[in-house]
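Colleague: Letter by letter, the chains look like this.
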Amino acid sequence: MDFLTKFPAMERADLRDLKKGIDSSFKEFSRSWGESIEVFFDPLFYFLVRFEKLLLATPWPIIILIVAALSYLGSRSWKLSLGAAVSFLLIGYLGMWNNTMSTVALISVATIICIALGIPIGIAMSKSDRLQAMITPVLDIMQTIPIFVYLLPVVMLLGIGKVPGLIAVCVYAMPPIVRLTNLGLRLVDKEILEAADAFGSNYRQRLFSVQLPLALPNIFAGVNQTIMMALAMVVIASMIGVKGLGVPVLQSIQNQYLALGLMNGLAIVALAIIFDRVSQQYGKRLQRHREGGNDV
Amino acid sequence: MSDYKIEIKNLYKIFGPNDKSMVDRVANGMGKQELLDHHKHVLGLRDVNIGISANSINVIMGLSGSGKSTLIRHINRLIEPTVGEIIVDGDDVLAMNPERIRDFRRFGASMVFQKFGLMPHRTVLENCMYGLNIQGVETGKAEKRANHWLDRVGLSGFENRYPAQLSGGMQQRVGLARALATDADILLMDEAFSALDPLIRADMQGILLDLQNELHKTIVFITHDLDEALRIGDDIAILRDGELIQKGNPQSIVLKPANDYVADFTKDVNRARVLTLNTLSHESGTEEGLPLNSDLSIEEAMQEMIVSDHNLVTVMKEGKSIGQVSLNDMVAAIAKPKTSQTGASNAYR
Numbered sequence: 000m001d002f003l004t005k006f007p008a009m010e011r012a013d014l015r016d017l018k019k020g021i022d023s024s025f026k027e028f029s030r031s032w033g034e035s036i037e038v039f040f041d042p043l044f045y046f047l048v049r050f051e052k053l054l055l056a057t058p059w060p061i062i063i064l065i066v067a068a069l070s071y072l073g074s075r076s077w078k079l080s081l082g083a084a085v086s087f088l089l090i091g092y093l094g095m096w097n098n099t100m101s102t103v104a105l106i107s108v109a110t111i112i113c114i115a116l117g118i119p120i121g122i123a124m125s126k127s128d129r130l131q132a133m134i135t136p137v138l139d140i141m142q143t144i145p146i147f148v149y150l151l152p153v154v155m156l157l158g159i160g161k162v163p164g165l166i167a168v169c170v171y172a173m174p175p176i177v178r179l180t181n182l183g184l185r186l187v188d189k190e191i192l193e194a195a196d197a198f199g200s201n202y203r204q205r206l207f208s209v210q211l212p213l214a215l216p217n218i219f220a221g222v223n224q225t226i227m228m229a230l231a232m233v234v235i236a237s238m239i240g241v242k243g244l245g246v247p248v249l250q251s252i253q254n255q256y257l258a259l260g261l262m263n264g265l266a267i268v269a270l271a272i273i274f275d276r277v278s279q280q281y282g283k284r285l286q287r288h289r290e291g292g293n294d295v
Numbered sequence: 000m001s002d003y004k005i006e007i008k009n010l011y012k013i014f015g016p017n018d019k020s021m022v023d024r025v026a027n028g029m030g031k032q033e034l035l036d037h038h039k040h041v042l043g044l045r046d047v048n049i050g051i052s053a054n055s056i057n058v059i060m061g062l063s064g065s066g067k068s069t070l071i072r073h074i075n076r077l078i079e080p081t082v083g084e085i086i087v088d089g090d091d092v093l094a095m096n097p098e099r100i101r102d103f104r105r106f107g108a109s110m111v112f113q114k115f116g117l118m119p120h121r122t123v124l125e126n127c128m129y130g131l132n133i134q135g136v137e138t139g140k141a142e143k144r145a146n147h148w149l150d151r152v153g154l155s156g157f158e159n160r161y162p163a164q165l166s167g168g169m170q171q172r173v174g175l176a177r178a179l180a181t182d183a184d185i186l187l188m189d190e191a192f193s194a195l196d197p198l199i200r201a202d203m204q205g206i207l208l209d210l211q212n213e214l215h216k217t218i219v220f221i222t223h224d225l226d227e228a229l230r231i232g233d234d235i236a237i238l239r240d241g242e243l244i245q246k247g248n249p250q251s252i253v254l255k256p257a258n259d260y261v262a263d264f265t266k267d268v269n270r271a272r273v274l275t276l277n278t279l280s281h282e283s284g285t286e287e288g289l290p291l292n293s294d295l296s297i298e299e300a301m302q303e304m305i306v307s308d309h310n311l312v313t314v315m316k317e318g319k320s321i322g323q324v325s326l327n328d329m330v331a332a333i334a335k336p337k338t339s340q341t342g343a344s345n346a347y348r
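Line by line, the protein sequences are chains A and B. No gaps in the numbering here: position 210 of the first sequence is 209 in numbering that gives the first Met the number 0, and each next residue is one more. No gaps in the numbering here: position 151 of the second sequence is 150 in numbering that gives the first Met the number 0, and each next residue is one more.
Honestly, the hints are just simulated from the structure, not real lab data. Predicted model, so just to flag it, every value in this text is computed and none were measured. Errors might be hidden in some of the hints.
[What the hints assert, rightly or not] The calculated lysine-lysine pairs, modelled on DSSO-like cross-linking and capped at a C-alpha distance of 27 angstroms, are:
id: 1; chain 1: B; residue 1: Lys-266; chain 2: B; residue 2: Lys-255
id: 2; chain 1: A; residue 1: Lys-5; chain 2: A; residue 2: Lys-26
id: 3; chain 1: B; residue 1: Lys-114; chain 2: A; residue 2: Lys-126
id: 4; chain 1: B; residue 1: Lys-316; chain 2: B; residue 2: Lys-246
id: 5; chain 1: A; residue 1: Lys-189; chain 2: B; residue 2: Lys-114
id: 6; chain 1: B; residue 1: Lys-8; chain 2: B; residue 2: Lys-255
id: 7; chain 1: A; residue 1: Lys-283; chain 2: A; residue 2: Lys-78
id: 8; chain 1: A; residue 1: Lys-283; chain 2: B; residue 2: Lys-114
id: 9; chain 1: B; residue 1: Lys-19; chain 2: B; residue 2: Lys-39
id: 10; chain 1: B; residue 1: Lys-266; chain 2: B; residue 2: Lys-246
id: 11; chain 1: A; residue 1: Lys-189; chain 2: B; residue 2: Lys-255
id: 12; chain 1: B; residue 1: Lys-8; chain 2: B; residue 2: Lys-246
[Claimed, not checked] Beta-carbon label-pair distances, calculated as ranges:
id: 13; chain 1: A; residue 1: Val-137; chain 2: B; residue 2: Ala-53; range: 41 to 47 angstroms
id: 14; chain 1: A; residue 1: Phe-39; chain 2: B; residue 2: Glu-84; range: 54 to 60 angstroms
id: 15; chain 1: A; residue 1: Leu-53; chain 2: B; residue 2: Asp-182; range: 36 to 42 angstroms
id: 16; chain 1: B; residue 1: Glu-84; chain 2: A; residue 2: Gln-142; range: 50 to 56 angstroms
id: 17; chain 1: A; residue 1: Phe-44; chain 2: B; residue 2: Gly-167; range: 54 to 60 angstroms
id: 18; chain 1: B; residue 1: Leu-198; chain 2: A; residue 2: Val-137; range: 19 to 25 angstroms
id: 19; chain 1: B; residue 1: His-147; chain 2: A; residue 2: Arg-203; range: 33 to 39 angstroms
id: 20; chain 1: B; residue 1: His-147; chain 2: A; residue 2: Thr-143; range: 53 to 59 angstroms
id: 21; chain 1: A; residue 1: Leu-72; chain 2: B; residue 2: Leu-198; range: 45 to 51 angstroms
id: 22; chain 1: A; residue 1: Tyr-92; chain 2: B; residue 2: Gly-167; range: 42 to 48 angstroms
id: 23; chain 1: A; residue 1: Thr-135; chain 2: B; residue 2: Leu-62; range: 38 to 44 angstroms
id: 24; chain 1: A; residue 1: Gln-280; chain 2: B; residue 2: Leu-198; range: 38 to 44 angstroms
We put the beta carbon where it would ideally sit given N, CA and C, even for glycine.
Model the full assembly from the supplied sequences, consistent with the hints where possible.
Modeller: In structure tokens form, the structure reads like this:
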């Protein structure tokens, strides 16, 4: 009865060899390809560093003006714009200005990358059921796999620093925009698409004049989610050497500095709320045509 | 060649994975239900042959599931047929490559949809310009043409509204203006007025008839409403379960229904409005009656007779008398068919 009580597992020696094999082949891979992969990501690194330096070099009143102006442009609400300016003033007054600028730089670059890659992938997915069936499980893995597990190979390949941190943030934050682009395009009313076809639109005309504009509210919800998830990764990214608001939070966890952790944590929350409200209001404004009534 | 603008020949449409192999079964007489039960394929159209005359309103009528919407989508190939031919102006639509079919849709045939198919993110003017944008007409010109057609359907002043801000009737006027703006010869109207309430529907039928008097387009109009078909159709084709049952002008449909199914349809029709003096006119001696044009409906003729206190009409066509119609003839024609005919048709209820 040994068979039933003891699971017929692989021989311990074989298992060890298997793990060793995988480890050594990946090490081999990173030794021979690590440098060229690093070179591949160099432009990203420079872009991120430049952007961060630009934010840090700009005088703070100008940054606050820009934040207030962008908030107003996005939301058309004085209250929100004022709230954003006050939050940034408070953050600066409490000595978190530089870290906040680093985090804003990281989040902005990560969001741009996610949009630039995620929307085309979403479009391709909406076009083909087979591609959707292939990509959906990959997105599931990206969202659910423990972050440290995919940090490990990234760090082995690229070491610690900004770029691996950025990649980690993008891997985690990209799925929503891909999913919601795909969903939004698939939800566009079939009758409207048929009308576009009946007037002789080709694929590009149909995509740009009908499908994307009608899917925009969903795509925008995806952008919003992507920003939120990128912010959620700030603390974890700081574990592999990304500067920003995550670093003091990590320190305070290790040393039990309650006030430090709380302040930096709340700064992240403030950023999240500003990004969220502004992008949501902007998304709402895009759907003005859905409202009935006669006040144009 | 042929006198028809559009000719549909031996058209079959079967929905399912092995549609081609089912054609023979259907051609040999397998019914819709049998095909579905034993082979899991849905019969859409069976051996449809229709010629559609240029410059007239051709109505295709049938109840839901009769295949009428499927049929109209074959004309601009929004649906691929299983087998068959569709000839427009001597060209086989089915032989066109994707590039040519797009050109045909851009310039040759435009479409009006049951649920309007307007783009909610575009204003009324932008919607009306859609076909022109696709044709590549430059913006200034397109705007001018779109404005012209919006004006013709009575929507000037609404250019900058969004479709959601308009009533159903107004939305369909936008749909009509959008289709007319492309200047295509052929206008495909898929239950275009079915979603509208009766008053608005009558209004839209009036607009369409007025426009057609001037434009002389080749219109294919799908409907499930016989009154609508009789009012606007120059020619009516009746479909049932994917088969063409009868085709003819409104009077012949009402006077000579091809079978009980059609008879059942037509028994509640207001015959006084459909039948014209032309169909009842016959030679009867020399007695002189009230001279009236042969195109008048019986209803209109009766009104004239009451006003002028006559009970005989001399039917005039192009200035000449072609016969007489008495009040008795008219009453007999209006009376519903005898019960023997309608009794048999109850089987279809």
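Colleague: State the violated hints by number, sorted upward, taking the hints as numbered earlier in the document.
Modeller: 2, 11, 13, 15, 18, 19 and 22
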